[in-house]
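Note that the protein sequences, when read in sequence, are chains A and B.
Numbering of the first sequence is given in the numbering used here, commencing with residue 1 and proceeding in unit increments.
Numbering of the second sequence is given in the numbering used here, commencing with residue 1001 and proceeding in unit increments.
Just so you know, the hints here were simulated from the structure itself, not pulled from any lab data.
Values in this document were obtained by computation on a predicted structure and should not be read as measured data.
Please note that the accuracy of each hint is not assured.
[Stated by the list, open to error] Computed from the model, here is a short list of chain A residues facing chain B with C-beta under 8 Å:
1) GLY155
2) GLY161
3) ALA214
4) PHE218
5) ASP251
6) ASN254
7) GLU259
8) THR292
[Said to hold, decoys possible] Beyond 12 Å from chain A on every Cβ pair, some chain B residues (computed):
9) CYS1048
10) GLY1061
11) ILE1200
Using N, Cα and C, we set each Cβ at its ideal position, and we do this for glycine too.
Number of protein chains: 2
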Amino acid sequence: MSDFSIGVDLGGTNLRIAAVTSDGRLLEKVNVNTKIGVEPHHVIEEMCEAIRRLSSQYGNGGKLLGAGIGIPGIIDLEAGVVSKSANLPGWSGYPVREEIERRLGTPIFLENDAKVAALGEQWLGAARGVRDMAMITLGTGIGGAIVLDGKIFHGMNGMAGEYGHITVEPEGVLCGCGNRGCAERYASATAIVRMAREMIAAGEAPELAKAASADAEFTSQTIYKLAKQGDQPALEIFRRFGRAFGMMLADIVNVLNLEMYVVGGGVSVAWDVFAPRMFEEIRKRSIVYAATEPDDTVGKAEGASADIAVRTRRKTIITRAVLGGDSGLYGGARLPLLN
Amino acid sequence: MSDFSIGVDLGGTNLRIAAVTSDGRLLEKVNVNTKIGVEPHHVIEEMCEAIRRLSSQYGNGGKLLGAGIGIPGIIDLEAGVVSKSANLPGWSGYPVREEIERRLGTPIFLENDAKVAALGEQWLGAARGVRDMAMITLGTGIGGAIVLDGKIFHGMNGMAGEYGHITVEPEGVLCGCGNRGCAERYASATAIVRMAREMIAAGEAPELAKAASADAEFTSQTIYKLAKQGDQPALEIFRRFGRAFGMMLADIVNVLNLEMYVVGGGVSVAWDVFAPRMFEEIRKRSIVYAATEPDDTVGKAEGASADIAVRTRRKTIITRAVLGGDSGLYGGARLPLLN
């Protein structure tokens, strides 16, 4: 048997844990039933109990190398503490890493959830074998990560990959960050519902209005379902989504020129209705994509005023994540192998 | 004495060469009088003669480690060939590296001019001691580079840092790349003159109109001079410049979260008239800058929906280049030391 590590996905509502061998084979995946948001002490007890159980079960064949924990929020990587998390209000300032390391005696790594998802997709998912890639997660907001040479590129303060706040509409919708027209105001679950409610209020979307009044929890899934049924206002919402998201991606591709951009998160299921408009926008707005597009439109960059050094003619791939909700589990298990 | 290397700045009109010690001391700087644009063979002969002279003059004290050549255009780094250069029309496809290496028997490195400028500023200029930085050069267009751990980050095809084609106005001015609203359509020497001509045509800028009719070569310098004298239409042009450039920088800071962004190139002399509006825009539009601004406005990022992992509270510095036209000479001389 092989050495193994533990990946933990500490979501806002679920605690999921997996044991994964160092060559990327899943040994076991468990769901821990516990109330996460309120009190960290109790959750950490249950988490450690589950890790101990997995460790003793698989420990005779190989060594436990450590555990990596993906957390939705702002993490102080040096201190091993959650600085701020909208979904885990009781966890701010709690010494998560220290408390778990003390109990288990194995190296513990905390990381932002979009960044572990990127590691998971790079290790065992859509970007397997691709050393330099970016991941964009579409959820209530937009999460982002840059992976260089197989490792998270954090930037100076761990904030590299803050794609959701790229401006796509200079005088657009006000964002919580104080800016107008941030990408995540147009390309996120929250944005989909907002656009639908605005269309309903304007009397432009009878089917959406019906769905909203029938459903107390009117969500982006409902709106996606209507789009799939051909409802024009619902489709228009995803076209606007695709336009904004494509503009954001075009900027990222121009700045980074990476081999692959993986799109994940819950809202990425709507890929079929937003991706056509997204690609249209990227093609138009990214000189780097135009010069490296897979279906061979090479040469466009040379006609323009780009002062660039072209090394090879490799292609830019923009694609969907393949690990779904498990990307964070695999990415968490990857962390101890990289450190 | 110390080992040394040669930096070559192969501009559209000038050929400049410098010998620099490996600890960054300038030994000598020469201007070679030759017609550059037309025929590479002759220019390479003169370049090699000058390098040979420098080499024999300083070679008794130390070893020549190689030469790095900054070129305005698209360079095939693997082949050592200029793929395309608007300023050096006769050079496309010419085996520059091979021809020089054959003559001199020392390692030769070609690089895009904005990228060598970045290396120069990182080695001996504004970003001395800063390992991770970006450079933006403001000229007829916008050049860009990313430096990570003291080396150029090229991306997959050498196109990383293509900042000038970031969209800042979704339905804005048409760009040569086919997109609308690219940053360099608003923040470059070309853009300054275009905006001035539009204001003149609209009858909104009497002083600019006077200057344009008096001056056959109506340039961005003339417009800058009028702005410095307090001419309101000229000042308005640089405010628009600053707004677009600030929006572009805000996106870059959100994506990269680097320690320093250095602004160089000929048009950066107008810093005093465009920078106030530029900083205003960056502050408003970059959640990463807001959280890491030097005058301590920390905390803004935490109030928003950013899912980020904050590692430290280090500050983001956006500043002017200090080496002026010599950044490319120093950066060229740096190349052999990095390879």
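Going through the hints against the structure:
no. : hint    : result
1   : GLY155  : holds (3 Å)
2   : GLY161  : holds (7 Å)
3   : ALA214  : violated (28 Å)
4   : PHE218  : violated (20 Å)
5   : ASP251  : holds (5 Å)
6   : ASN254  : holds (4 Å)
7   : GLU259  : holds (5 Å)
8   : THR292  : holds (6 Å)
9   : CYS1048 : holds (22 Å)
10  : GLY1061 : holds (33 Å)
11  : ILE1200 : holds (24 Å)
Of the numbered hints given earlier, the model fails hints 3, 4; all others are met.
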